[in-house]
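Undergrad: This is what each chain is made of:
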Amino acid sequence: MAVSDMIAPASGPAAGATPYLFHRHALVVRITHWINALAIVFLILTGLSIFNAHPSLYWGKQGSDIDAGTRWLQIGSATAVGAPYGYLRIGALEIETTGLLGRSAAANGQQQAIGYPSWATFPSYRDLGTARNFHFFFAWLLIANGLVYLAYALANGHLRTNIMPRLRELRWSNIAHDVAQHARLKFPRGEDAGRYHILQKLAYAGFILGLMPLVILTGLGMSPGINAAWPWLLDIFGGRQSARSLHWIAMNLITLFIIVHLLMVVLAGPFNEIRSMITGKFRIDPEPRP
Amino acid sequence: MTLSRRGLFGFGGAAAGGLLLSGCDSLASNAKLKAIVQSAEGASERWQRLIGRDALAPEFSTADISADFKVNGTREPSGAAYQAHKAVNFADWRLAVTGLVNNPLSLSLADLRRLPSRTQVTRHDCVEGWSAIGQWTGPQLGLILRAAGLKTNARYVVFRCADTYGSGPSASDYYESVDLIDAFHPQTILAHTMNGAPLDVGHGAPIRARVERQLGYKHAKYVTGLDVVASLAGHGRGKGGYWEDRGYEWYAGI
Chain A
1 MAVSDMIAPA
11 SGPAAGATPY
21 LFHRHALVVR
31 ITHWINALAI
41 VFLILTGLSI
51 FNAHPSLYWG
61 KQGSDIDAGT
71 RWLQIGSATA
81 VGAPYGYLRI
91 GALEIETTGL
101 LGRSAAANGQ
111 QQAIGYPSWA
121 TFPSYRDLGT
131 ARNFHFFFAW
141 LLIANGLVYL
151 AYALANGHLR
161 TNIMPRLREL
171 RWSNIAHDVA
181 QHARLKFPRG
191 EDAGRYHILQ
201 KLAYAGFILG
211 LMPLVILTGL
221 GMSPGINAAW
231 PWLLDIFGGR
241 QSARSLHWIA
251 MNLITLFIIV
261 HLLMVVLAGP
271 FNEIRSMITG
281 KFRIDPEPRP
Chain B
1 MTLSRRGLFG
11 FGGAAAGGLL
21 LSGCDSLASN
31 AKLKAIVQSA
41 EGASERWQRL
51 IGRDALAPEF
61 STADISADFK
71 VNGTREPSGA
81 AYQAHKAVNF
91 ADWRLAVTGL
101 VNNPLSLSLA
111 DLRRLPSRTQ
121 VTRHDCVEGW
131 SAIGQWTGPQ
141 LGLILRAAGL
151 KTNARYVVFR
161 CADTYGSGPS
171 ASDYYESVDL
181 IDAFHPQTIL
191 AHTMNGAPLD
201 VGHGAPIRAR
211 VERQLGYKHA
221 KYVTGLDVVA
231 SLAGHGRGKG
241 GYWEDRGYEW
251 YAGI
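Chains as they are written, first to last, in UniProt numbering: chain A, 1 to 290; chain B, 1 to 254.
Among these hints, one or two may not hold up.
[Said to hold, decoys possible] A short, non-exhaustive set of chain B residues, derived as facing chain A with CB atoms under 7 Å:
id	residue
1	C24
2	D25
3	S26
4	V37
5	P58
6	E59
7	V121
8	G129
9	W130
10	S131
11	G134
12	T137
13	G149
14	R213
15	G253
16	I254
[Unchecked claim] Reference listing, derived: stretches of chain B covered by chain A, where coverage requires no fewer than 3 residues with Cβ under 8 Å from a Cβ of chain A:
id	region
17	40-54
18	240-251
Hints were generated in silico from the structure; no laboratory data involved. Each residue gets a CB set at the ideal place from its N, CA and C atoms; glycine is no exception.
Chain A extracted, bound-state conformation:
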């Protein structure tokens, strides 16, 4: 069946049980979505590359190799009983992570002592200068793109109407119901699939209004030039090394968001979901009427 055959008649939802396509995502939303996706992929890959130059995190204003007191996370490599191994230390806890963190195979197959493995970094080899060049380019792209999206979503009400939870949706019974539906992998059908439910709204609103500002501001908080111009950023985050730690935590939450987001796309019907973010059209299969 050709796609044009499925386009809804002018009467839209009233067309009964015939499947139809409706215009789900505006052009601005679709374009900014994909630019954002591209930027975030490069920001994470280059960010992990930058992290590998000093794979330790601290709380407070300062922190370097000798500051074991304020260090709360470290990825490293050590030798035990003559055999090198990789580890992740969080506080007093040490987990052996050979093959993934601390020690893993380089692109040429050679084992090496390195924080994140080569497949998770851009470039795949150690090149802090190139990683930084790309990181800051995509950071600017992320900010510019995010501002375009926000201007659009605020001006036409997209954020308020489609993303922000309504007060009545925040009732525990409604949240519990949506959690239960997700746990059973039961996703909205029919006309109900045409709007976001509370967990989706919380995830998207949290990402757009929580994680994105956090990751951008903690990134700026690490810049010595911005520290001079906007010293209040350091006061908010509790010092440059705290900002660096929070930047890393935000990266992990963003990665978690992406994993869940992709999983949900696959579970909810990847063809329809991905098409709706490319062409804007989302197929609705109306529930049979009683």
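Given chain A, work out where chain B should sit, using these hints.
TA: Chain B alone, transformed into the frame defined by chain A:
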């Protein structure tokens, strides 16, 4: 039919993903793309100059000073000339001020110590990600430049250094540069004293630059001369610093 189409979509996505990952490193070496990506440096510089051209870097209390300030880069210049200076406690060390100046200067360490100085407790941020806090004392760079008198076409101040960094064919003289905004910034000093004591060899004895609003590699150690220039083309490979010549940003405020 729908299923196969969905399958195709999934396959296409996975193939595109795989292609992206395997092709990634070639993106890093694509000259055209590199030029586009490096344009972000100019955006960062212009933005930071716009929001805080004269802003001061945060200063800390002496209680915040790091117990052990990490030594990085050159730990001790190995050249015979430097070793000879070190043997006599830098008594004969000279700082040459040359280039686009009306009065070229040659200042001894004693001259520099006699000049009015600024003391500041600041945070040093390495490009690798770590930070340490130290107290630095020395004359403002602007004071020395005003004494030398800049010609109207002066644009940058290049720091010549006594150390050679790197090994093998990539080894070359360390150097750095700043524009006149940072050169005349009140916190840009030539530090001869660290944490109240004469600067030690690991941290750049007898004098190092402090460029407090930029990353550690801008803070040249073992400074032997200031060359005032109109263009960065005449030093190193022309990018304005040892690390800049190796792909790092010249504007290191980020």
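Undergrad: For which of the previously enumerated hints does the structure constitute a violation, in increasing order of number?
TA: Of the numbered hints, 3, 6, 7, 11, 12, 13 do not hold.
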